[in-house]
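Chemist: Here's the letter readout for the chains.
Protein chains: 4
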Amino acid sequence: MKHHKPTHECGVFAVFGHPNAAVLTYYGLFALQHRGQESAGIVTATGPNTPFVRHVDMGLVSQVFKAEDLDRLKGTRAIGHVRYSTTGSSTLLNAQPLMFSTGRGQIAIGHNGNLVNAAVLRDELERRGSIFQTTVDSEIILHLLAQPNGTSSVLAGLRRIQGAYSLVIMGEREIIGVRDPFGFRPLSLGKLEGAWVLSSETCAFDLIHAEFVREIEPGEVVIIDENGVRSEFPFRQERRAFCMFEYVYFARPDSIISDINVARVRTAMGRELARLHPVEADLVVPVPDSGNYAALGFAEELNIPYNHAFVRNHYIGRTFLQPTQLIRDFNVRVKLNLIKEAVHGKRVVVVDDSIVRGTTARARVVNLREAGAKEVHMRISCPPHRHACHYGIDFPDPEKLIANQHTLEKIRDYLGADSIGYLDVPGMVRATGQDESKFCLACFNGKYPVPVDPNVDKFIMERRANRS
Amino acid sequence: MKHHKPTHECGVFAVFGHPNAAVLTYYGLFALQHRGQESAGIVTATGPNTPFVRHVDMGLVSQVFKAEDLDRLKGTRAIGHVRYSTTGSSTLLNAQPLMFSTGRGQIAIGHNGNLVNAAVLRDELERRGSIFQTTVDSEIILHLLAQPNGTSSVLAGLRRIQGAYSLVIMGEREIIGVRDPFGFRPLSLGKLEGAWVLSSETCAFDLIHAEFVREIEPGEVVIIDENGVRSEFPFRQERRAFCMFEYVYFARPDSIISDINVARVRTAMGRELARLHPVEADLVVPVPDSGNYAALGFAEELNIPYNHAFVRNHYIGRTFLQPTQLIRDFNVRVKLNLIKEAVHGKRVVVVDDSIVRGTTARARVVNLREAGAKEVHMRISCPPHRHACHYGIDFPDPEKLIANQHTLEKIRDYLGADSIGYLDVPGMVRATGQDESKFCLACFNGKYPVPVDPNVDKFIMERRANRS
Amino acid sequence: MKHHKPTHECGVFAVFGHPNAAVLTYYGLFALQHRGQESAGIVTATGPNTPFVRHVDMGLVSQVFKAEDLDRLKGTRAIGHVRYSTTGSSTLLNAQPLMFSTGRGQIAIGHNGNLVNAAVLRDELERRGSIFQTTVDSEIILHLLAQPNGTSSVLAGLRRIQGAYSLVIMGEREIIGVRDPFGFRPLSLGKLEGAWVLSSETCAFDLIHAEFVREIEPGEVVIIDENGVRSEFPFRQERRAFCMFEYVYFARPDSIISDINVARVRTAMGRELARLHPVEADLVVPVPDSGNYAALGFAEELNIPYNHAFVRNHYIGRTFLQPTQLIRDFNVRVKLNLIKEAVHGKRVVVVDDSIVRGTTARARVVNLREAGAKEVHMRISCPPHRHACHYGIDFPDPEKLIANQHTLEKIRDYLGADSIGYLDVPGMVRATGQDESKFCLACFNGKYPVPVDPNVDKFIMERRANRS
Amino acid sequence: MKHHKPTHECGVFAVFGHPNAAVLTYYGLFALQHRGQESAGIVTATGPNTPFVRHVDMGLVSQVFKAEDLDRLKGTRAIGHVRYSTTGSSTLLNAQPLMFSTGRGQIAIGHNGNLVNAAVLRDELERRGSIFQTTVDSEIILHLLAQPNGTSSVLAGLRRIQGAYSLVIMGEREIIGVRDPFGFRPLSLGKLEGAWVLSSETCAFDLIHAEFVREIEPGEVVIIDENGVRSEFPFRQERRAFCMFEYVYFARPDSIISDINVARVRTAMGRELARLHPVEADLVVPVPDSGNYAALGFAEELNIPYNHAFVRNHYIGRTFLQPTQLIRDFNVRVKLNLIKEAVHGKRVVVVDDSIVRGTTARARVVNLREAGAKEVHMRISCPPHRHACHYGIDFPDPEKLIANQHTLEKIRDYLGADSIGYLDVPGMVRATGQDESKFCLACFNGKYPVPVDPNVDKFIMERRANRS
Ligand SMILES: Nc1ncnc2c1ncn2[C@@H]1O[C@H](COP(=O)(O)OP(=O)(O)O)[C@@H](O)[C@H]1O
Ligand SMILES: Nc1ncnc2c1ncn2[C@@H]1O[C@H](COP(=O)(O)OP(=O)(O)O)[C@@H](O)[C@H]1O
Ligand SMILES: Nc1ncnc2c1ncn2[C@@H]1O[C@H](COP(=O)(O)OP(=O)(O)O)[C@@H](O)[C@H]1O
Ligand SMILES: Nc1ncnc2c1ncn2[C@@H]1O[C@H](COP(=O)(O)OP(=O)(O)O)[C@@H](O)[C@H]1O
Ligand code: SF4
Ligand code: SF4
Ligand code: SF4
Ligand code: SF4
Ligand SMILES: [Mg+2]
Ligand SMILES: [Mg+2]
Ligand SMILES: [Mg+2]
Ligand SMILES: [Mg+2]
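Going down the list, the sequences are from chains G, V, R and B.
This note's numbering puts the first residue of the first sequence at 127, with every later residue one more than the last.
This note's numbering puts the first residue of the second sequence at 127, with every later residue one more than the last.
This note's numbering puts the first residue of the third sequence at 127, with every later residue one more than the last.
This note's numbering puts the first residue of the fourth sequence at 127, with every later residue one more than the last.
Hint data in this document are derived by calculation from the structure and do not stem from the laboratory.
A hint or two may mislead.
No copy is singled out in the list; a pair is fine if it fits within one copy or between any two copies.
Computed list of lysine-lysine pairs in DSS-like fashion (alpha-carbon distance at most 30 Å, straight line) [claimed, not checked]:
#1 K466 to K317
#2 K573 to K317
#3 K192 to K564
#4 K192 to K461
#5 K564 to K466
#6 K200 to K500
#7 K526 to K461
#8 K573 to K461
#9 K317 to K192
Computed from a prediction, not measured in an experiment: that's the story for all the values here.
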């Protein structure tokens, strides 16, 4: 029995002290939608001893909240969450924020990241009598927070969890923001008309005209209540390990992370890539939109013309029907169409942020070939993905990662490209202007900042299977 | 903050060992629909270490389950639940059966009744670190069952709860039926093609052609697993206290309880009522459908003609819109219309099962008067309701019970009837053919079989309010 | 190609001159719900040159109209419609009232009945260039009303149609009620606070506290506008032919038709039946609810005890799921359950209004036998159904009518009853207190008041099939 | 009363002779989604004398069609439609394709364009007895096609209509494609595995791997049936008047119109614009996505760096909620966010395709200013819009067009830009490589290829208002 499935990329948002807390959170989630399209939710509160109000549902933010839902979400405090999952097993039950009643009153939580000791904690909690309704890590965290450990129990609870987590927690009197000691996932603090705002990315501040105050530090616990904002640093200090893949792909280009704009980093990655793997060509085309900035940097560095030869269909949600009588590569083609005459007879460099399985990249190359491109050179603005992510990004199993299984030459061959070039780790790091030691690079180099002992989890799962 | 709202009348059903467990449960809930129209749910299982499947939603059984839902509910075991609530605060979250994962594996539960020590238990559990997502008693029971109390922990958990409860519980290896030691709510065992069936009422067995085996005893815990059915009696023996109001009103007339058909009891109540409060009249009319059998008994006893002068609209659900531009007494009239000429110029006895607030009864009398009835005699087939029920029937607050506030003469006057007559406790008991000591009669006589200490609960609630 | 499917039983309602026209119509349709459960609709208007508002949908009245729908239905005039269809092909497109724009302005129509010359009219209209979007007769009538025939064109249009029709029509300046010259279907006029009301049945007046003024005459066209009510009689006079089956089964028992209450007629039918086919028995049980009054009359006439041995499930809509893994006779059993002990060992007379295919009646007899009834005597309060209805009641094809195919003895044998007795035509007519010449009795005796030439229709349909 | 509202931009698609006609049409509509996001529909047919199947609903293609809908849409022929409307009054009733039954059998139609003599035709038809259910031009066309005018009646009907129309019509035996004699709207023919395909734009062929055969000629009627494709040219020859705005904005950049790729035309417009209104600047930024190609052309021509400083939110549908507590310019900001540091301290040229009201353009300039741009130069890749479009593009009323009301200097001032430059007509035409005489340029220069006599329509509307 599969009791527990890791959660994946998500976005969190929170408001403290604004008459329209729910509406602001609705806007904020809108701006964070790229971090999770599967479900969305908001929990609001008015103050101690008044019931929290919760509305969560499957779907995009624009589908989940109707006018009457926002009307029902009364209160001056709110936390919100968007959740991403590629799997079908995800259900309404697992949608966040979760909300429970505990010995300390009501509590709600939204979580972005992934706990590496989830199975151990859950097993321990169940043995002590806890019962679980969902399969998301947030519920484990809530159980820990509710344990009767004396006064500073929230901090005690938090110290038990390991892995990646940016959390927003709403209690009866306060909203708490937490970033794990490694700082895997982003979390920032903003200010708007006397109210405080927390958001996974700064692009959400822009939308609501909030002022970006600062990033929450790795290992920082920010407590916002009627008295203002204060911080605690309850964790042992750890090395930094910000997820490099946020810069490469995941974050929105208009966000600022560690004082650097994401688009700027991506453009710099494109330049580094051009220097590492230059090529003589007539045209650089991005795979939009994730490849746009790197492609532009690449084109500028080598002074090759740039063009939007791939046209992105504006109406691609994640929910279109894939009829059984499927047109060959429909789901790849429907998203992007190629302007054939733009590439016909040309030597084309196609730039994307990353290659995972390789199937989409291959379809793009076939596309270009069919359109008459004379040469096709694939350039990727990060190093090959060879390892699993245990910190909240949902890659396929390593054996499905093309770079885990094959040499570069084999990959080039499979894609049908004339040449292939990946950015290397030093170049990628250079593009950020920061030190390599600040980053998690595990999916690229296999060095995991927080150890994951697969045996522990396996042992627990087996015990469970035999238990009943 | 209102953390906890008592649950009310419900119906439970279970199947063990049938290839179509979900479909049978669907049928069973259909037959138990009168016990709860607010939400319906089914949880199925295939055996140990395979995931339980759950489908619950707000609405009638016919609305909640679509073909694909029943298809998804795979397994040879199932428990089902229909839930009733008059309040708007009831939500999907509280719909049953509840399903959780615990240290002993998955567990699901459906509950009919009301715990009198819910607040105490919940408070204690929360202080020990339990967190609650719903406000229904079932979640408390699940937490108790999940506590690490050694071997016979299910029984240990059950011993902690006080009040009225007929439960169906599904674990990884078995289905358990429990009836509280007082036997407040009904629960019966049936058999169908080698499968075992549990149901709140026997009318559900008729629908699925199951054989009615026997009633579960008060205080009995029936465990059904691959080895068959066995019973435990883990509770201290208590006096019997079957809810008399099930006979009077709640149960379906075609059910059998304590070996007596409910319609027969109701007819006998009508006869007793006729003997106690005879009247010279031209016509007996029931308030359909709950007054039908008593009216018939009354008419036969006094040899007065009987007629269906009130016509019941077949399409009355609980969900029709009540436009703001409301027609006077629309919601009363829409359910029953009076055939005026049937009562015009006649001395009419109108028989109903009970009077709660008095507003509906009054509307009926007004109706009869307007139609030209010469005399209107109100007869009620149970004694006046003067006290609250703490065991799962959702009466209004005592101060809203008309008989709690007013003398018989005042009630007659308010209703505008020429005479009024309630059945008395001895007559009501006689109609059942059983001994008075077997029954709970608390809402009639104020003698509560299980004590309810309002102070305890009040104390806890206050502590909670101050806590955070 | 099946261009045209006859429409079937429906209910119509209209209000002229009331600020809450839509709400009143909503109530009215609620009371007429038994005449059609498939779709419901309302069209409202405020006066000339303002747009009509329409809301129609599949489902019961309670499902079709939400608060915001009624809010949108502004105006002091309204017509409403409930539609019945047993076939799956019925769709939203065919839901009424229909609403069109014509050379005379906007027009909306609701129709109860069936045109016998629909195919001829439609063919003629299509040849003249009309185009049709629905397959309901109402659209044909609207086309006729819109033809440019000079001044009195509405009446000219109406003169072209043949068959059964009670219509409510809303134009820009008036509401028109029409009853066909034979008077097949009921239609009555009421009054409420200065507003005028039209309804298929009088039971709808009771619900809204409207005063029943009079029945619309066969062949009468009632025009209600700002100046009041006036009548025209544009049709050649015809014999009367009120549908007897309205008294027997279709109309609600609390309605008044031709100055007689329907329940009274049904009770009298039961008495006539008792005189025609008396039997020595211990118990009379109705098949509820359509058999209730006849059963009561039967029981009283022969002085046999009466009991509600069949219990009707209150939650039977027409929409419950019939799982593929079907329990034997589920759809028959789920509606009524038998109280076995009420009939065990007894000689039972079971009374219903009519037998169509015989399958349901047979299931009831099997039920009674299984419960241990010593004898089962089937009594039916109308004569055997041997012929099709072409005037708006949806019987199965004649070859599926059990009485069309088999002798009484064969029917009795098939049902498994000890005896069977149908009421005869004279007794049925006597029960109404009216003259036989006033009625359509075609489905009983094959004498069709309005001729139906099947060849004409067949010819047209064939021409169509070959046409394109 | 507003009987008639002009229809606006739409997309049409058709398939003849493919086993998966509905699925191909579904794909085709997906690729045409930018031409209409309000409703979508498909009608399929199997051959003569079998019923057409229709599924239409409000919403995007991905929302309208579920797997079961496509399953129901059986047949080897299909026509599809996407419809755009900015107004709230648009309803399901008006969704296309329309489907009716006529004297010639079933017929369905999808229409892109706008008739200029719709009111006259409708008035005439209504006077002859036609009745209308919708307010879309397609119903008028169907009525005309259904008139009994002798043999070549489809062509006779088509000759009556004036204005812009690209039509797909499905009869019982054939699919017909029509392009009005002026050729306002695009329509192309494609081929796929022996089946024929019609589409508003060629980008839909790419998606389904269909081969682009040729454009339908202005004034051509293409009839596709079992015998293949044949053409008729029933109209008087007219001057060409292809809508220039399709090149500028409406069509997808990957489509080919008149043998030229749309993106290429747009890039050339950007170059022309750069030559006409050069500027010294540090950065060119497009208003994505409609400004992308022109911006690129502009940047290349003047050799100024280009960057995606505006980031487009991928999840902007047309259906997001705009809470009443609206954040200033939310609906403008939510679509695009600006990367502030990318423009800070720079002289920025911002390029968009067109300015209508000016409010959005102004918000972009404010955005750039707030981000610290040193100079903001607005460049527009078409001439100022000063006149209404009567041929199917839904501009606001002329008095709301900023260029209709104000001088260039006033516009610049209102926008807050340092300079403003529009492309001129000659440059725009040059960018297409075609002759000016081939185009409709009415919204730019006020020269209407097909006269619109507002008096005629006004007269009819008044007569209507007085009629009833
Ligand atoms: N307007 C934009 N321009 C460039 N990049 C964007 C834009 N919007 C989102 N992104 C980036 O692109 C990512 C989405 O990549 P995209 O190529 O659109 O889809 P996919 O996930 O299929 O690659 C986002 O996570 C974000 O980092
Ligand atoms: N067919 C029936 N005939 C008689 N009594 C019925 C029937 N169906 C249900 N009942 C009884 O009537 C109760 C419902 O009462 P009813 O009068 O219909 O509604 P209300 O709850 O408004 O009084 C049920 O709980 C049941 O005991
Ligand atoms: N409350 C009622 N009492 C008696 N007859 C009723 C009542 N309500 C409706 N009817 C009659 O019974 C008919 C419905 O018959 P019923 O037996 O309930 O269903 P069925 O159509 O399956 O026979 C209605 O058309 C109406 O004439
Ligand atoms: N991927 C794309 N790249 C560039 N232009 C596009 C793309 N997709 C659509 N378009 C063009 O942009 C138009 C939509 O413009 P856009 O700026 O996205 O929205 P708006 O209508 O608000 O201006 C489409 O009609 C089309 O011509
Ligand atoms: S493993 Fe890769 S994706 Fe995961 S946190 Fe580290 S850098 Fe990010
Ligand atoms: S108090 Fe009344 S309703 Fe409650 S259990 Fe006792 S008898 Fe039943
Ligand atoms: S044939 Fe029968 S059902 Fe039809 S109208 Fe005549 S009496 Fe009524
Ligand atoms: S007026 Fe403008 S938008 Fe309309 S058809 Fe002509 S060019 Fe196109
Ligand atoms: Mg991408
Ligand atoms: Mg009742
Ligand atoms: Mg019946
Ligand atoms: Mg644009």
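Chemist: I want to check one pair: K466 and K317. Are their C-alpha atoms no more than 30 Å apart within a copy, between two copies, both, or neither?
Modeler: For K466 and K317, only the inter-copy Cα distance (18 Å) is at most 30 Å; the intra-copy one is 48 Å.
Chemist: Given identical chains, is K564 near K466, meaning Cα to Cα at most 30 Å, within a copy, between copies, both, or neither?
Modeler: Result: close only across copies, 25 Å inter versus 43 Å intra.
Chemist: Indicate which option fits the pair K192, K564 if close means a Cα-Cα distance not exceeding 30 Å: within, between, both or neither.
Modeler: neither (42 Å within a copy, 47 Å between copies)
Chemist: Indicate which option fits the pair K526, K461 if close means a Cα-Cα distance not exceeding 30 Å: within, between, both or neither.
Modeler: Within one copy, since 23 Å is at most 30 Å while 35 Å is not.
Chemist: At most 30 Å between C-alpha atoms: does K573 with K317 qualify within a copy, between copies, both, or neither?
Modeler: Intra 37 Å, inter 54 Å, cutoff 30 Å: neither.
Chemist: Since the copies are identical, ignore which copy is meant and state whether K317 and K192 lie within 30 Å (CA to CA) inside a copy, between copies, both or neither.
Modeler: For K317 and K192, the Cα distance is within 30 Å only inside one copy (26 Å; across copies 41 Å).
Chemist: Quick one: K573 to K461, C-alpha cut-off 30 Å, is that within a copy, between copies, both, or neither?
Modeler: neither (34 Å within a copy, 39 Å between copies)
Chemist: Give the relationship of K200 and K500 under a CA distance limit of 30 Å: within one copy only, between copies only, both, or neither.
Modeler: Neither, since 61 Å and 43 Å both go past 30 Å.
Chemist: How do K192 and K461 come out at 30 Å by Cα distance, when the copy is not named: within, between, both, or neither?
Modeler: This pair counts as both: shortest intra-copy Cα distance 28 Å, inter-copy 19 Å.
Hint check: violations occur at hints 2, 3, 6 and 8; the rest are consistent with the structure.
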